[in-house]
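Student: Protein sequences appear in the order of chains A and B. Everything in the first sequence is counted per my numbering, starting at -8 for the first residue and increasing by one. Everything in the second sequence is counted per my numbering, starting at 1123 for the first residue and increasing by one.
Take these hints with a grain of salt, some might be off.
[Claimed, not checked] Computed list of lysine-lysine pairs in DSS-like fashion (alpha-carbon distance at most 27 Å, straight line):
| # | chain 1 | residue 1 | chain 2 | residue 2 |
| --- | --- | --- | --- | --- |
| 1 | A | Lys49 | A | Lys102 |
| 2 | A | Lys102 | A | Lys90 |
| 3 | B | Lys1179 | A | Lys90 |
| 4 | A | Lys102 | A | Lys60 |
| 5 | A | Lys40 | A | Lys59 |
| 6 | A | Lys98 | B | Lys1179 |
| 7 | B | Lys1137 | A | Lys40 |
No wet-lab data here; the hints were simulated from the structure. It should be emphasised that the depicted structure is a prediction, and the values quoted were computed from it without experimental measurement.
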Amino acid sequence: AQSVTQLGSHVSVSEGALVLLRCNYSSSVPPYLFWYVQYPNQGLQLLLKYTTGATLVKGINGFEAEFKKSETSFHLTKPSAHMSDAAEYFCAVSEGFNKFYFGSGTKLNVKP
Amino acid sequence: GAGVSQSPSNKVTEKGKDVELRCDPISGHTALYWYRQSLGQGLEFLIYFQGNSAPDKSGLPSDRFSAERTGGSVSTLTIQRTQQEDSAVYLCASSSSTGGSNNEQFFGPGTRLTVL
Chain A
-8 AQSVTQLGSH VSVSEGALVL LRCNYSSSVP PYLFWYVQYP NQGLQLLLKY
42 TTGATLVKGI NGFEAEFKKS ETSFHLTKPS AHMSDAAEYF CAVSEGFNKF
92 YFGSGTKLNV KP
Chain B
1123 GAGVSQSPSN KVTEKGKDVE LRCDPISGHT ALYWYRQSLG QGLEFLIYFQ
1173 GNSAPDKSGL PSDRFSAERT GGSVSTLTIQ RTQQEDSAVY LCASSSSTGG
1223 SNNEQFFGPG TRLTVL
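Bound-form chain A, shown alone (with noise of 0.2 Å):
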């Protein structure tokens, strides 16, 4: 079965630093990979997708996530956080079939 792991429930950050927040995916077929965020008591928006092609990807808002098959992730970053990054961020993964699976969130905390 797929399964997806986000390594650290909750990611603290100073306001400028970088920001990675850590994805990792098992998969026998190539996978279609997806970064979603949840700000507060909001629903779940696309912040960038991995279908084929380029494994570096660009979202919104500055963040971007690599695809690195050997390694079987695809962890998202973003170079300088702002305040208004603060929010829960899920992976999700999906081999076809219109299945997905989402990791447990990485709520993320930025402070001034």
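Following the hints, put chain B in place on chain A, whose structure we already have.
Tutor: For chain B alone, coordinates are given in the frame of chain A:
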């Protein structure tokens, strides 16, 4: 509507009662998904509809859970004889007409279910 809507936003019920949760997808989206988000856990895939059909029901936790979709639009998730472990936020999402696994899902605000 402009986005996915769900009702009610909050539901408190007593153990053993039945509940119905409703999802209105984005107009024109034929793919619809139900998820469950329990406290401290990720989203658990429950069921997926393409049109009115649900090709895969294996994510439903037990036979107390059922879902239907009529007219290719509104979907209802029904939980019979609710148990305390059913307490969670139930999320609905829809995606574009092709509904492929590489398509973005648009999520509703969720229904928070509390079973006393």
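Student: Each hint should be assessed against the structure and marked as holding or not.
Tutor: Going down the list of hints, with the structure as the test:
1. A:Lys49 <-> A:Lys102: 24 Å, holds
2. A:Lys102 <-> A:Lys90: 36 Å, violated
3. B:Lys1179 <-> A:Lys90: 10 Å, holds
4. A:Lys102 <-> A:Lys60: Not satisfied, since the Cα-Cα distance of roughly 33 Å exceeds 27 Å.
5. A:Lys40 <-> A:Lys59: Between Lys40 of chain A and Lys59 of chain A the Cα gap is close to 13 Å, so the pair holds against 27 Å.
6. A:Lys98 <-> B:Lys1179: Violated, because 30 Å separates the two Cα atoms, which is more than 27 Å.
7. B:Lys1137 <-> A:Lys40: 40 Å, violated
Figure legend: structure checked against the earlier numbered hints; hints not met, in rising order: 2, 4, 6 and 7.
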